[in-house]
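Undergrad: Chains as they are written, first to last, in this note's numbering: chain A, 12 to 267; chain B, 125 to 381; chain C, 29 to 362.
For the record, the hints were derived by calculation from the structure and aren't laboratory data. Because the structure is a prediction, the values reported are computed rather than measured. The C-beta atom is built at its ideal place from N, Cα and C for all residues, glycine as well. Mixed in with the good hints, there may be bad ones.
[What the hints assert, rightly or not] If you only want the chain A side, here are some residues facing chain B, beta carbon under 8 Å, derived:
1. Ala136
2. Ser140
3. Gly141
4. Thr142
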Amino acid sequence: MPIPKTSKAFLSEAGDMARFTAKFFKQGFKPRYEVAEFMHQCFVIGYKSLPLVALTAFILGLVLTMQLRPSMVDYGVESQLPAIVGIAIVREIGPVITALIFAGKIGSSIGAELGSMRVTEQIDAMEVSGTNPFKYLVVTRVLAATLMLPVLVMLGDAISLYGSYLGVNIRATTSFNLYWTQVFDNLEFYDVVPSFLKSFFFGFAVAVVGCYKGYNSSKGTEGVGRSANSAVVVSSVMIFVIDLLAVQITDIFGFN
Amino acid sequence: MTQEKQLLQAGNLLQQGHMLVISHLYKSFGNNHVLIDFNLELKKGESVVVLGKSGSGKSVLIKCIIGLLKPDQGRIEVFGENIPDINEDELDQIRAKVGFLFQSNALYDSMTVRENLEFPLRRHWIQVAQDEVNKMVQEALDDVGLAHTVDMMPAELSGGMRKRIALARTLILKPEIILYDEPTTGLDPITGKEIIELMVEIQHKYNTTSLIISHDMNCVKMASNKVVILLEGKCFAMGTYDQLKQNNDPKVKQFFE
Amino acid sequence: MAKRLMDNAKLGIFVVSGLLFLVLLLYMIGKNRNLFGSTYELKVKFENVQGLMTGNNVRVSGIEAGTVKKINILNDTTIEVTLLIEKRMQTIIRRNAIVSIGTEGLVGNKVVNIVPSREPANLAVEGDFLSSQKNVDTYEMIQTLSKTNNDVAEIATGLKTTIQKINSSSGLWALLNDSTIPKNLRISVANIKVATGKAAGMANSLNELVSDVKSGKGSLGEILKDTGIAYNLNEAILKINKVGSEADSLAREVSELIDGVKQDINSGKGTVNLILRDSVAAAKLSVSLDNIQKGTDGFNQNMEALKHSFLLSGYFRKQEKKKQKAEKADSLPK
Ligand SMILES: Nc1ncnc2c1ncn2[C@@H]1O[C@H](COP(=O)(O)OP(=O)(O)O)[C@@H](O)[C@H]1O
Ligand SMILES: [Mg+2]
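So that you can see chain A by itself, here it is in the shape it has in the complex (with noise of 0.2 Å):
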């Protein structure tokens, strides 16, 4: 059967991204241990990426809270409000918004940096400089996003549900405690464990996206330049590939 050459292609890139990954797995835990550089990656990847997230993720809560007011007012439930925030954040909101502003930003840099130390050799300088680059600039990477973006998750849930605070006090005042108590009252282990272990995984993938496309860039700053969209383009999408199935998962064990 003939398989059409877009197809062909995209099978063939996902192959190439599943032996990319594998390698991962095969370097990633042999040593030796590019640990000076991974903990440089932890604070550029995390660190820096904090004020972004911090960012959107406060106006994300105030906006959410706002929007959903004349709603739960119209069932007479406003008095729900922080409860039903308090969950949306924690379960999805709080993860997919922080890993898609992380693929913005840390994957589009992955595949942008990568992709011109490819093109202007850098990569193959190191290899002769006695480096393994793959472990020193890719493991490092997946490493440190795969690490971070749950700190960044962490923290951008708790902005997030601050800023809700915020938009809650806009049309009626409700004590700090309270509010906190009330969303606390809602949560369950079972909205933040899975939110939690999947933010791994969209971080995960995020950094192996990001490191394949510049690893594998072609030559010329047009390869980096599309390389670094793609990253970004390919990780979103993975990013609600993986939501869909962390949801599906999370139903199959019943913790829904």
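Put chains B and C with the ligands on the given structure of chain A with help from the hints.
TA: For chains B and C with the ligands alone, kept in the frame of chain A given last:
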């Protein structure tokens, strides 16, 4: 030729002071046959220029030598070790003794000049005292005359300066062989000439063996003991600059016009 | 080097604060689920737990006091529910406390309510069984409401036929036209008319309400806001039934009266005056009138009470407003 004979020959060549022996090298990408039965020998202290048109496979050749590309067939012996056969650790040991100047310099954009220079040092020798490192960085920068740029980022430097820093980074490990990939391409003729002078100077100072890839006749004239013309994947012609200049083959002649 | 150290310190703060929030989140949830505090267990048997689940909250007099730990089916009519109660409630909950299952909000989570009894008793200790109370759940409520609606409709038709009988009875009209008849009889009959109108309106309203509730419209939330609804509803239904029986006796009274008058006329006892002169008839009529008077009064009173009942008050207010609006619209010049 049997393998035994090959080994014997390699041993002989090494005794004669051969640093690098390439024999019957084949490399192709799909249907693009870049190197077809390429042969080359490089003796200690020699400076060989490989001349070829753009896209003729010069970079492929040099990347095969340093182990960045795996040849399809043939032997590449550096210090008597066949590069395609050895394992990663042995390859790293050889790479520590072989400098490589990249066509695009390959300076790490995210690091300062100092960090760029320290990078191969820290990588190849696990433990070096900090003041030792500082001294080596200083020395390498002095060699290329750019000691003041030590805390700058590569993006702040001009093209010629970047080439020098790249050269300093190559020099810092005191390599026995330096492979230059088009060292003057992309530079203005004056800067290019300065770089060639620097290369010659270093060659004399450290008594390194050089393999220079170029299509710049200035470079060929000034830096070479021997010239190899890479054409159609083969070692098409070989000789000194003057010998080749007398050659009447139109394919050779076109390089000297 | 120093910069690297600073970076690592910042990174440390960043990671630690993220993890702290996670821990806080999990701790707060755990605290709400009583995973960490010291607790003791109490047990209750129910016939029907109405979708109660493990982890649902337990409230003592409305205060969060624990969670449902386990739900065990003992046999086809008994379900044993194990409650995990905070230790601080040990000095509050007594053995005769009543346990019921309610809802947080109308469609919210189920909640176990422990209501202390007023009688003295020993404090409940680990493993004690408390007694349960059967509950009216939303579905049952709607069912009852439906039935009530039918009852009211019946009352209304009953009353209507009574009025028709009165209207069509020439004898009675003759009687009423007679100036010697006490004024209050006329008023009584008028009252009956009003009552009928009210009952009919009530039937319609209830009908609407039930269909609204069944189709899940907004009034669901408006009317049935409270877990206490069961009591109010029962009260309302009792009243409606009372109205029904009153209307019945009223109707009986009137028709007896009419029958009596008819009979008298038919048996040739002569004119109304004649009847009234008959002392027996006069006495009987007098009693009847009295009863009718009382009946209509009671009926009206109950109707009013029903209207003001907490349960349906909001609904009727809305209905009235609508009516007023419609009237206003009608009265506007075209
Ligand atoms: N990694 C690669 N994959 C496929 N083709 C390559 C690769 N590297 C080089 N080539 C091809 O090999 C040929 C020689 O390239 P190169 O050695 O870079 O030329 P130059 O002599 O200008 O340095 C070119 O046709 C190029 O397309
Ligand atoms: Mg080249």
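Undergrad: Does each hint hold? Answer for all of them.
TA: Status of each hint after checking the structure:
| no. | hint | verdict |
| --- | --- | --- |
| 1 | Ala136 | 4 Å, holds |
| 2 | Ser140 | 4 Å, holds |
| 3 | Gly141 | 4 Å, holds |
| 4 | Thr142 | 5 Å, holds |
When the structure is compared with the earlier hints, no violation turns up for any of them.
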